[in-house]
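> Position chain V with the ligand against the provided structure of chain H, taking the given hints into account.
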Amino acid sequence: MFTRRALMAAAAVTAIVAGMPAKADDISKLPREHVELVAPPFIHAHEQATKAGPKVIEFKMTIQEKELVIDNEGTKIHAMTFDGSVPGPMMVVHQDDYVELTLVNPETNTMAHNIDFHSATGGLGGGELTLVNPGEQVVLRWKATRAGVFVYHCAPGGPMIPWHVVSGMNGAVMVLPRDGLKDETGKQIKYDKAVYIGEQDFYVPRDEKGKFKSYESAGEAYPDTLEVMRKLTPTHVVFNGKVGSLTGKNALTSKVGERVLIVHSQANRDSRPHLIGGHGDYVWEAGKFANPPEKDLETWFIRGGSAGAALYTFREPGVYAYVTHNLIEAVELGATAHFKVEGTWNDDLMKQVSPPGPIGGGARTGALEAPAQHKH
Amino acid sequence: MQASAPSCPRGGDGALAKRTTSRQEVLVFLALHGKLAAKLIFAATAPLVLAATGPDWREAPDRVPVVHVAAGSFDYRIAGAFDREGRPVDAPVRRFAVGRGLAVMKTQVTVADYDRCVAFGGCAQRTAKTGQRPDAPAVGVSWQDASAYARWYAKATGKAWRLPTDAEWAYVAGSRFADDAVTSDDGSGSFARRWLAKYDEESGRTAVEKAPRPVGGFGENERGVADLAGNVWEWTDTCYLRQGLDAEGEPTGARTVNCGVRVVEGAHRAYVTDFIRDARAGGCAVGIPPANLGFRLVRDEPSRTRRALGRLQSWLARA
Ligand SMILES: [Cu+2]
Numbered sequence: 000m001f002t003r004r005a006l007m008a009a010a011a012v013t014a015i016v017a018g019m020p021a022k023a024d025d026i027s028k029l030p031r032e033h034v035e036l037v038a039p040p041f042i043h044a045h046e047q048a049t050k051a052g053p054k055v056i057e058f059k060m061t062i063q064e065k066e067l068v069i070d071n072e073g074t075k076i077h078a079m080t081f082d083g084s085v086p087g088p089m090m091v092v093h094q095d096d097y098v099e100l101t102l103v104n105p106e107t108n109t110m111a112h113n114i115d116f117h118s119a120t121g122g123l124g125g126g127e128l129t130l131v132n133p134g135e136q137v138v139l140r141w142k143a144t145r146a147g148v149f150v151y152h153c154a155p156g157g158p159m160i161p162w163h164v165v166s167g168m169n170g171a172v173m174v175l176p177r178d179g180l181k182d183e184t185g186k187q188i189k190y191d192k193a194v195y196i197g198e199q200d201f202y203v204p205r206d207e208k209g210k211f212k213s214y215e216s217a218g219e220a221y222p223d224t225l226e227v228m229r230k231l232t233p234t235h236v237v238f239n240g241k242v243g244s245l246t247g248k249n250a251l252t253s254k255v256g257e258r259v260l261i262v263h264s265q266a267n268r269d270s271r272p273h274l275i276g277g278h279g280d281y282v283w284e285a286g287k288f289a290n291p292p293e294k295d296l297e298t299w300f301i302r303g304g305s306a307g308a309a310l311y312t313f314r315e316p317g318v319y320a321y322v323t324h325n326l327i328e329a330v331e332l333g334a335t336a337h338f339k340v341e342g343t344w345n346d347d348l349m350k351q352v353s354p355p356g357p358i359g360g361g362a363r364t365g366a367l368e369a370p371a372q373h374k375h
Numbered sequence: 000m001q002a003s004a005p006s007c008p009r010g011g012d013g014a015l016a017k018r019t020t021s022r023q024e025v026l027v028f029l030a031l032h033g034k035l036a037a038k039l040i041f042a043a044t045a046p047l048v049l050a051a052t053g054p055d056w057r058e059a060p061d062r063v064p065v066v067h068v069a070a071g072s073f074d075y076r077i078a079g080a081f082d083r084e085g086r087p088v089d090a091p092v093r094r095f096a097v098g099r100g101l102a103v104m105k106t107q108v109t110v111a112d113y114d115r116c117v118a119f120g121g122c123a124q125r126t127a128k129t130g131q132r133p134d135a136p137a138v139g140v141s142w143q144d145a146s147a148y149a150r151w152y153a154k155a156t157g158k159a160w161r162l163p164t165d166a167e168w169a170y171v172a173g174s175r176f177a178d179d180a181v182t183s184d185d186g187s188g189s190f191a192r193r194w195l196a197k198y199d200e201e202s203g204r205t206a207v208e209k210a211p212r213p214v215g216g217f218g219e220n221e222r223g224v225a226d227l228a229g230n231v232w233e234w235t236d237t238c239y240l241r242q243g244l245d246a247e248g249e250p251t252g253a254r255t256v257n258c259g260v261r262v263v264e265g266a267h268r269a270y271v272t273d274f275i276r277d278a279r280a281g282g283c284a285v286g287i288p289p290a291n292l293g294f295r296l297v298r299d300e301p302s303r304t305r306r307a308l309g310r311l312q313s314w315l316a317r318a
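From first to last, the protein sequence lines are chains H and V.
Sequential numbering of the first sequence, starting at 0, is according to numbering that gives the first Met the number 0.
Sequential numbering of the second sequence, starting at 0, is according to numbering that gives the first Met the number 0.
For reference, chain V alone in the conformation it holds in the complex:
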């Protein structure tokens, strides 16, 4: 028994969508063929499964292709500003675990996607002058815009879609994640030398064209996720962090977390005020700023228990 495939304007997710099983159909099936035991087991598990994840955790009414990134862990230079005994230093590298795996939008949220949210009253109108193609990423969006979209989309799909954290973005980006350590500092500990070294490295960034390409235009990474580190930077949910380190590189003193500034990720990492829709360089800043601000959403894969319940439900449905 299968639900009819919902229309899938951008393709790619049709195979998954075809397996969608509605709660109603399960009940109809059971009414016709159900055995008592099956009924009892289902009655015990269904509310849990359905409430937690919908009919099948992979079978959302998602309109967009989704990539499932397996759980794992990796070493990652965290975002933020760090000083060691009073001098600015590279952020420390820490092991980071993605405990349950992530469902990730294969491409960035498009103009068509975003405009649907606008039409439903969930999102503010974009102000971008470029990227009007419906199949291009929605750019000219602030963190606030992106968060509003996430709230709307989660509600519309009944799934806990959200912006990724910086670490999750880095994990998903894999080889496309750019480490932002200052490599050309001479290690003299001179504040001015590090400043100049950083300036030179940032000056060395190559300019990218500004006009967004249709989604997929920057290819896929090894995980099959598209357009990472192209010319559209992506908002993350990670706040600006400032932390002092001691001589051993361990945190010392209180931490400042400024959530008025969020980390954006792409060809390089940047920190952008949450209401900004167009990141710019200027003043004493140098280098190429993020060419465009856009986003994609992620959601946690369900826990093993929830997945087991899902499988049990499927088995019962076939029984």
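Extracted from the complex, chain H is given alone in its bound form:
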């Protein structure tokens, strides 16, 4: 018979075992799991809580330098990507797991790249140990000692660092507590779906006429791009690599009653997510799960170089806009995503008591001719 006390004792033992530093030999004996990454906004299948012991989770990412269209006007940049997407794919593990990443820089690329995990300890987040030239690959292992959502990015040294980051080379890791997410009382909270929104600021040079310029290669774009970067005024602020990548046909979907975990990363610049028509029921603004979540937030703050997580249960059907609530950036520069939510409308939460109409509700009726032509 399991008593509450017995369960607590078992949990304590597990915690001690999990917390003990494993030697390299021991790590070689740990179970290994290979996980295929998927492009954002999707996240690879994962358990929210696990009773199993730590594992070595293997991931592989191939760096792709490629041209990407970043808006509806066809503006192109020479992007640098982890695995082909901006942001790079999200990796999900549990606390005390080991992440073993194979980072491949194919010969077809032109530049050296590396990876700095904010979730990793030492070695400049791994950056010092992972610099790969075109035609090379490297394998890095790091231990997930802290639970939370964390940014990773390329940091190949000097002025290359910000340039690679604002060319798209960043992503996020989610390290879940082994027993899952918890509310402020320590009670486990679950999500039905998780989405990953990576915000990206781009700095595209313009010609004399104000039109965005395109270049033969990343190298040719570099001097002009650096000039725009140093003004600290992005030309585009977008979610998932492109204006409109999460709206229209690409809109995110949900349904009334569904609990959605929204992970938001910004590797370079501050942001302030806001769900128009909704809230953050539970928000880990700084993204670290050992801290209790804040509740009922209207807008939350993502510090540049960090990721945060918000859990929300949709309560009304319809369209929701998820924006950065600098609305100039959201509307003019592109940082808008949409959720299409199915379900039954709840009049208790909101009702249009009287549709828009003339003030005082005058009662003129008449034949409805085609709209009049208005002379001036």
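Treat the hints with caution; some may be incorrect.
Straight-line Cα separation of at most 27 Å, DSS-like style, residue types lysine-lysine; simulated pairs [claimed, not checked]: (1) H:K287 to H:K54; (2) V:K154 to H:K75; (3) H:K248 to H:K65; (4) H:K189 to H:K50; (5) V:K209 to V:K105; (6) H:K248 to V:K158; (7) V:K209 to H:K212; (8) H:K75 to H:K210; (9) H:K192 to H:K142; (10) H:K192 to H:K54; (11) H:K241 to V:K158; (12) H:K210 to V:K209; (13) H:K189 to H:K210; (14) H:K75 to H:K212; (15) V:K209 to H:K65; (16) V:K209 to H:K208; (17) V:K105 to V:K158.
By construction, these hints were calculated from the structure, which means they are not laboratory data.
Just chain V with the ligand now, kept in the frame of chain H:
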């Protein structure tokens, strides 16, 4: 007797222009050959004809090709926002008559046309960064810009050129007019379902290239009018209308007409604030916004009486 053809930089209207008869030439002709009766009849009719329509209603000093669209009527889903018993619904379809027929610019007003207006001080400078080719449509123009052009052009030609109404545009566009009913709504009357259905339909619009093509680049419709529903949307004079409908679909309650917002027509219908020169999506809006804002002008064909007088004048001139 014929006036010399005015230069016609874009062709197409030369045949009509050649028949231009100036008032002065008529008088010279009559002075040389006139019979008393003819003189009397002409004296009685000429001021009417000339004041109303100029020497010949088809023979304007127009510099642009014009298509004459015959009078007629058609069923048309009017522009505006409608709610039925408090729920948003598609606009009602109504029979609309174009009583006298319309003279319509065959193509949209071009950069060269517009810049002429700017040069004469009738129009504000365009702000568009694209479409600088003189033979491309003038884009990046607001309703206010387009209206200023219409006023200038009417004055310059002595003819009552104006922006079309939304219904007139639809009539002229014929098969190129896009009905904007929400077709995928399940009819459950659910406000959220209709909202999502509309969202999906608007999301399904295909993107068009932004750079305007030289006029004619999108071909002609069955009436011979060019570039309708291409990548340049056209301002109409129709204001944003909001109207409640009763259970039978008949208007009930007062109507709101907001003329700070005008209907623009093209591949789909849109409502744009009158000083906007570049329509954009964003925020909670979805779908492809009008790629460019431009315009073309129309004028009413003269009435039958005026046309009869015109024919009489021509006959007298030949007599
Ligand atoms: Cu890099």
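> Run every hint past the structure and note whether it holds.
These are the hints, each one checked on the structure:
no. : hint             : verdict
1   : H:K287 to H:K54  : 21 Å, holds
2   : V:K154 to H:K75  : 45 Å, violated
3   : H:K248 to H:K65  : 24 Å, holds
4   : H:K189 to H:K50  : 15 Å, holds
5   : V:K209 to V:K105 : 21 Å, holds
6   : H:K248 to V:K158 : 47 Å, violated
7   : V:K209 to H:K212 : 16 Å, holds
8   : H:K75 to H:K210  : 12 Å, holds
9   : H:K192 to H:K142 : 26 Å, holds
10  : H:K192 to H:K54  : 24 Å, holds
11  : H:K241 to V:K158 : 48 Å, violated
12  : H:K210 to V:K209 : 13 Å, holds
13  : H:K189 to H:K210 : 47 Å, violated
14  : H:K75 to H:K212  : 8 Å, holds
15  : V:K209 to H:K65  : 24 Å, holds
16  : V:K209 to H:K208 : 16 Å, holds
17  : V:K105 to V:K158 : 16 Å, holds
In terms of the numbered hints stated before, the structure departs from hints 2, 6, 11, 13, listed from lowest to highest.
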